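Student: Listed below, chain by chain, are the residues.
There are 4 protein chains.
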Amino acid sequence: MSVIMEFSIFPIDKGEHVSQYVKKVIEMIDALPCESQLTSMGTIVECETMEECLAVISKANALLEQCSERIYCTATFDNKPGKKDQMEHKIKAVRGE
Amino acid sequence: MSVIMEFSIFPIDKGEHVSQYVKKVIEMIDALPCESQLTSMGTIVECETMEECLAVISKANALLEQCSERIYCTATFDNKPGKKDQMEHKIKAVRGE
Amino acid sequence: MSVIMEFSIFPIDKGEHVSQYVKKVIEMIDALPCESQLTSMGTIVECETMEECLAVISKANALLEQCSERIYCTATFDNKPGKKDQMEHKIKAVRGE
Amino acid sequence: MSVIMEFSIFPIDKGEHVSQYVKKVIEMIDALPCESQLTSMGTIVECETMEECLAVISKANALLEQCSERIYCTATFDNKPGKKDQMEHKIKAVRGE
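Read top to bottom, the protein sequences are chains A, B, C and D.
Oh and the first sequence: position 8 is 8 in our numbering, straight run, nothing missing.
Oh and the second sequence: position 24 is 24 in our numbering, straight run, nothing missing.
Oh and the third sequence: position 31 is 31 in our numbering, straight run, nothing missing.
Oh and the fourth sequence: position 63 is 63 in our numbering, straight run, nothing missing.
One chain only, chain A, in its complex shape:
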């Protein structure tokens, strides 16, 4: 089973500069045992199940609730039950490799 999640979470009550808050989320994700990639628009995580992906959002949100009165989050999920290593495979497929 393979679920790839792309998500972004940040406080919207802290003004324009939010990297100090996002940094806490990234550190949490870096410590996870799953594959992940930081991009300029969010983080991509590949987990075995949807529940594992959703738990990453829950942890990220808990970190931000400690310091923020309003948190915004966007997420997209591509769930292929029965597959694995999709982060790498999907890029190869469209690159024709």
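Some clues are possibly wrong.
Copies of the same chain are indistinguishable here, so a pair counts whether it falls within one copy or spans any two.
To be verified - Capping the alpha-carbon separation at 25 Å, the derived lysine-lysine pairs in BS3-like fashion look like this: (1) K24 / K59; (2) K59 / K23; (3) K92 / K80.
Treat the hints as calculated values from the structure; they're not laboratory data.
Since we're looking at a predicted model, the values are computed, not measured.
Assemble the complex: chain A is given as a structure, and chains B, C and D must be docked to it using the hints.
Tutor: Showing chains B, C and D alone in chain A's frame:
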């Protein structure tokens, strides 16, 4: 505490017409004890916590995993810890009521 | 041709309360000749073409650029070339009407 | 002026395997004069204005309308008027470099 989630989940291995699959998700959401609204682009749900919102996605995904090999999901969350009844309040705020 | 767009746009340099900025966007959308629906998480608009939908985002962004140094926007599109009146139809389809 | 857009667009009437369609979009983006990054969940593009980003979606959609009866697209935009080279800067900011 109030989290509003807008989400959409559907199989992408079933061709153009997916309403029979989405219908199962809507029936599950209708039976939930939280406020929800079906729109032409997804469902809006208001829960007390992020975890309750994420559990709705988990249930919806489990329903679709029974019949699909590839599931796509998008979600956005607006989390205002300490607030409630935001689904109604937010529309009134921009409507100036 | 029918494209339904769900989108949300707001400044993230203005603190927690953004309804005064969002209000300007809603007034612009209300004056458009296309069908639209305000929800607690954004606005749903149905246009004949993708280009008309994208023009709505462009106008909304222009309004916010007048007063903001950082603007965030999310959008999802469901494009069914050759169809029309999908906002109503899609809800009926999953409601089984 | 700098707008970073993360977007994904694909047909939903072609079954589970859509890489042959997505490939056409990626080739179009590769030929653009702006910075872009292909990820496992979409493409990130940095343009000078919102209108340039929206034009990329329009072109991608036009390519898919040639072969599909139903197209789904998600996009998020981070618009910082007056800034530039944000794709690189944003990652450095959260990595603390």
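Student: At most 25 Å between alpha carbons: which applies to K24 and K59, within, between, both or neither?
Tutor: Close inside one copy (11 Å), not across copies (29 Å); limit 25 Å.
Student: First find the shortest C-alpha distance between K59 and K23 inside one copy, then the shortest across copies, and answer within, between, both or neither for a cut-off of 25 Å.
Tutor: Within one copy only: 13 Å inside a chain, 30 Å across chains, cut-off 25 Å.
Student: If the cutoff is 25 Å on CA atoms, where do K92 and K80 land: within, between, both or neither? Let me know, please.
Tutor: Classified as within; 16 Å inside a copy, 29 Å across copies.
Violated hints are absent here; each numbered hint is respected by the structure.
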